[in-house]
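Chemist: Below, each chain spelled out in residue letters.
Protein chains: 2
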Amino acid sequence: MSVSLTSRIGAALALLSLAAAVTPRAGAQPAEAPASTEVAPDGKVTFRIAAPRAGAVTVAGDWVPQGLGSGGPLEKDDRGVWSLTVGPLPADFYSYSFNVDGARVADPRNPLLKPGLAGPESLIEVPGEGAEFEASRDVPHGEVRAVWYRSATLDAPRRMHVYTPPGYEAGAERYPVLYLLHGAGDEDSGWSTIGRAGFILDNLIAAKKAVPMIVVMPNGSLPRPASLPRSAPGAAPTPELRAAREAMQNRFTDELLKEVVPFVESHYRARPGRAGRALAGLSMGGGQTLRVVTTHPDQFAYVGVWSAGIGRDAADFEERNKDFLDHADRVNAAVRLLSIRVGDRDTGALAGSKALAEILDKRGIKHELGISGGGHTWINWRHYLSEFAPKLFH
Amino acid sequence: MSVSLTSRIGAALALLSLAAAVTPRAGAQPAEAPASTEVAPDGKVTFRIAAPRAGAVTVAGDWVPQGLGSGGPLEKDDRGVWSLTVGPLPADFYSYSFNVDGARVADPRNPLLKPGLAGPESLIEVPGEGAEFEASRDVPHGEVRAVWYRSATLDAPRRMHVYTPPGYEAGAERYPVLYLLHGAGDEDSGWSTIGRAGFILDNLIAAKKAVPMIVVMPNGSLPRPASLPRSAPGAAPTPELRAAREAMQNRFTDELLKEVVPFVESHYRARPGRAGRALAGLSMGGGQTLRVVTTHPDQFAYVGVWSAGIGRDAADFEERNKDFLDHADRVNAAVRLLSIRVGDRDTGALAGSKALAEILDKRGIKHELGISGGGHTWINWRHYLSEFAPKLFH
Numbered sequence: 003m004s005v006s007l008t009s010r011i012g013a014a015l016a017l018l019s020l021a022a023a024v025t026p027r028a029g030a031q032p033a034e035a036p037a038s039t040e041v042a043p044d045g046k047v048t049f050r051i052a053a054p055r056a057g058a059v060t061v062a063g064d065w066v067p068q069g070l071g072s073g074g075p076l077e078k079d080d081r082g083v084w085s086l087t088v089g090p091l092p093a094d095f096y097s098y099s100f101n102v103d104g105a106r107v108a109d110p111r112n113p114l115l116k117p118g119l120a121g122p123e124s125l126i127e128v129p130g131e132g133a134e135f136e137a138s139r140d141v142p143h144g145e146v147r148a149v150w151y152r153s154a155t156l157d158a159p160r161r162m163h164v165y166t167p168p169g170y171e172a173g174a175e176r177y178p179v180l181y182l183l184h185g186a187g188d189e190d191s192g193w194s195t196i197g198r199a200g201f202i203l204d205n206l207i208a209a210k211k212a213v214p215m216i217v218v219m220p221n222g223s224l225p226r227p228a229s230l231p232r233s234a235p236g237a238a239p240t241p242e243l244r245a246a247r248e249a250m251q252n253r254f255t256d257e258l259l260k261e262v263v264p265f266v267e268s269h270y271r272a273r274p275g276r277a278g279r280a281l282a283g284l285s286m287g288g289g290q291t292l293r294v295v296t297t298h299p300d301q302f303a304y305v306g307v308w309s310a311g312i313g314r315d316a317a318d319f320e321e322r323n324k325d326f327l328d329h330a331d332r333v334n335a336a337v338r339l340l341s342i343r344v345g346d347r348d349t350g351a352l353a354g355s356k357a358l359a360e361i362l363d364k365r366g367i368k369h370e371l372g373i374s375g376g377g378h379t380w381i382n383w384r385h386y387l388s389e390f391a392p393k394l395f396h
Numbered sequence: 003m004s005v006s007l008t009s010r011i012g013a014a015l016a017l018l019s020l021a022a023a024v025t026p027r028a029g030a031q032p033a034e035a036p037a038s039t040e041v042a043p044d045g046k047v048t049f050r051i052a053a054p055r056a057g058a059v060t061v062a063g064d065w066v067p068q069g070l071g072s073g074g075p076l077e078k079d080d081r082g083v084w085s086l087t088v089g090p091l092p093a094d095f096y097s098y099s100f101n102v103d104g105a106r107v108a109d110p111r112n113p114l115l116k117p118g119l120a121g122p123e124s125l126i127e128v129p130g131e132g133a134e135f136e137a138s139r140d141v142p143h144g145e146v147r148a149v150w151y152r153s154a155t156l157d158a159p160r161r162m163h164v165y166t167p168p169g170y171e172a173g174a175e176r177y178p179v180l181y182l183l184h185g186a187g188d189e190d191s192g193w194s195t196i197g198r199a200g201f202i203l204d205n206l207i208a209a210k211k212a213v214p215m216i217v218v219m220p221n222g223s224l225p226r227p228a229s230l231p232r233s234a235p236g237a238a239p240t241p242e243l244r245a246a247r248e249a250m251q252n253r254f255t256d257e258l259l260k261e262v263v264p265f266v267e268s269h270y271r272a273r274p275g276r277a278g279r280a281l282a283g284l285s286m287g288g289g290q291t292l293r294v295v296t297t298h299p300d301q302f303a304y305v306g307v308w309s310a311g312i313g314r315d316a317a318d319f320e321e322r323n324k325d326f327l328d329h330a331d332r333v334n335a336a337v338r339l340l341s342i343r344v345g346d347r348d349t350g351a352l353a354g355s356k357a358l359a360e361i362l363d364k365r366g367i368k369h370e371l372g373i374s375g376g377g378h379t380w381i382n383w384r385h386y387l388s389e390f391a392p393k394l395f396h
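Protein sequence lines correspond, in order, to chains A and B. Under my numbering, the first residue of the first sequence is numbered 3, with each subsequent residue one higher. Under my numbering, the first residue of the second sequence is numbered 3, with each subsequent residue one higher.
Simulated from the structure, these hints should not be mistaken for laboratory data. The reader is advised that the hints may include incorrect statements.
All copies of an identical chain are treated as equivalent in the list; a pair is satisfied when it fits inside any one copy or across any two copies.
As the list claims (entries may be wrong) - Capping the alpha-carbon separation at 25 Å, the derived lysine to any residue pairs in SDA-like fashion look like this:
| no. | residue 1 | residue 2 |
| --- | --- | --- |
| 1 | K210 | R160 |
| 2 | K78 | G104 |
| 3 | K211 | W150 |
| 4 | K210 | R161 |
| 5 | K78 | R55 |
| 6 | K211 | P159 |
| 7 | K78 | G57 |
| 8 | K210 | W150 |
| 9 | K78 | T60 |
| 10 | K324 | T60 |
| 11 | K211 | S388 |
| 12 | K260 | D140 |
| 13 | K368 | Q301 |
Okay, chain A solo, but in the shape it has when bound (with noise of 0.2 Å):
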């Protein structure tokens, strides 16, 4: 396949002469504009988009964390469009962004988007065998379940995802389940569009990899209470800011104890109890993962703290979690995986992560810790996730 996904815009678009009838929708494209993505054979990807009196466009993607290319800048044809080609990528799934004098805005010919708080933006596969655990395959497939429930701990209408496996509907088995958070800036839907959860599930438990579970993907947003203070740009937490905030990622614990999980065992065929039940999660999820684990380590038989760590304060971190820290036969008991994976590229949470191990490693405390390539981004994440389901529920 030598053309992406956003090339067969334009054939659709065709439709649109096709419905007799109908009134062409205000704003769409011209059937016969380029796509706004191809990928060539070799991996190298153009980005393409019209802005005909614009006077300066770059492209921002996943790419260029990962340390592969750059994002511009574009440049402009006589038409009005502007391209850059980058790469070779290796084969995998991308996300990206324009920036359009001044404006980051997702890519308006590309109807493959990852919703998030911190604004849209595109995806696009490189196609090729580093892709074919999380690509689209001729395997059977789960269903990704958008769910509405309501939450009495945030007193709110609150949305998780929901992936049950191949077989769910039809059977009438009970299955283990994970629970993935995931990052700031994201909200549910996140491990569904650019983290391509359920597709790595679908391929894994195709190839008898992983054994079938529901995989269950919290919203882990939180309104910001009015009361919480605001510290000055640069300024270290105050210890009323930092009690203030550890009051509110209390308020994620309850949610995933008291609502999320409560809710998941008793409306689906899962599997109840600790043996059956594991959390992973990214960045802000990583650190509600850890938040979960150290104040609840009975709860969870199987744990993945990616892309986060404990931060600077490992004397505080050590003073927080005494409880935790001091038994280590009781989380042994209970925790039979707890996995720590970071990326070399990743600085911060690459710290935090190592500070982490050495604790645990200090404290007796089981554990592995993974380094990978790359860095805070969705490239590890969906690795990530497709070696440690692997690992569950044996």
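Keeping the supplied structure of chain A fixed, place chain B upon it in accordance with the hints.
Modeler: Only chain B this time, still in chain A's reference frame:
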């Protein structure tokens, strides 16, 4: 509520600072930037976008074709933030996009998105009584599932969205099914983003105005065959082109009847057979609905043709649909409801819908023609759904 959903982004972004060991994602917006949209208590809506180096910015949204206001230009302040206040707009959901120096882009700070083949748009809610039928309310919610299947007809993997009503997961009951088609430029997620089908059904079911039903939202866009000739812009289609288009549209009829319906009736607790099936679509999907009912009038007991019609050549329609039009008794016995809806500002589809109603009148085929205010917008299509669903499956 005086401030829209997107104003909550700032609060959520404050969380970025809470994940102590987390490297902030490159390109994330600063937490203190103003919300991109604000809805005042009187329904006036302010749109904002940061584009410090842009020369001109406008906004396009559903209120314009609906005759409710303009799209700018926006004005730039000294921080490089462009803004425009429109309205007051009636309580409802609206889609919109910005145009920055000729690039049509979704709102970079609004997580509520409508993906689509014609490019992403952003969504905003103007809350109030008129939007209650489509709002997320404190009622039992169904689930919306993204479902992949293998189509033998199209020899490709395809996706549909499936709404299952509250209680489906825990129960054993069989449900009737509404098949709901999108328009050109959208895809199978459209009815679940800007279409708000799940919320509309949740609210109708909670109020006992509609019976619990499954709603299946297939992908109505088809790959364009390489053999399909292109007509010169503005030229009337040749007989060959028209025949090729017919053949292509017939593929959707096959996709629906040979792939989607059998998949749904074998994978979900669907009530099989005509009396438990309804079919409705808008714009291109209205044309597809009309094509299905005219070629297979025995398959769906309830039919909705929205913002579509028969095009300009009534004689050609009559010639192509002789078998349907010549058998009013058979059609009337099978189709309990044939509802045609269109907006009074939707010029082409209005003429085509009236022409369709005239032919059906002349041939004695029972139908309803309902002309609403407004144009070719999702505002109308959400209302059409909320008025159609209560009439089904009694």
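Chemist: Each hint: holds or not?
Modeler: These are the hints, each one checked on the structure:
{"no.": "1", "hint": "K210 x R160", "verdict": "between (33 Å within a copy, 24 Å between copies)"}
{"no.": "2", "hint": "K78 x G104", "verdict": "both (16 Å within a copy, 13 Å between copies)"}
{"no.": "3", "hint": "K211 x W150", "verdict": "between (31 Å within a copy, 21 Å between copies)"}
{"no.": "4", "hint": "K210 x R161", "verdict": "between (30 Å within a copy, 24 Å between copies)"}
{"no.": "5", "hint": "K78 x R55", "verdict": "both (10 Å within a copy, 16 Å between copies)"}
{"no.": "6", "hint": "K211 x P159", "verdict": "between (36 Å within a copy, 23 Å between copies)"}
{"no.": "7", "hint": "K78 x G57", "verdict": "both (9 Å within a copy, 16 Å between copies)"}
{"no.": "8", "hint": "K210 x W150", "verdict": "between (31 Å within a copy, 20 Å between copies)"}
{"no.": "9", "hint": "K78 x T60", "verdict": "both (11 Å within a copy, 21 Å between copies)"}
{"no.": "10", "hint": "K324 x T60", "verdict": "neither (48 Å within a copy, 57 Å between copies)"}
{"no.": "11", "hint": "K211 x S388", "verdict": "within (10 Å within a copy, 45 Å between copies)"}
{"no.": "12", "hint": "K260 x D140", "verdict": "between (38 Å within a copy, 19 Å between copies)"}
{"no.": "13", "hint": "K368 x Q301", "verdict": "within (16 Å within a copy, 61 Å between copies)"}
Comparing the model with each numbered hint stated earlier shows that hint 10 is the single one that does not hold.
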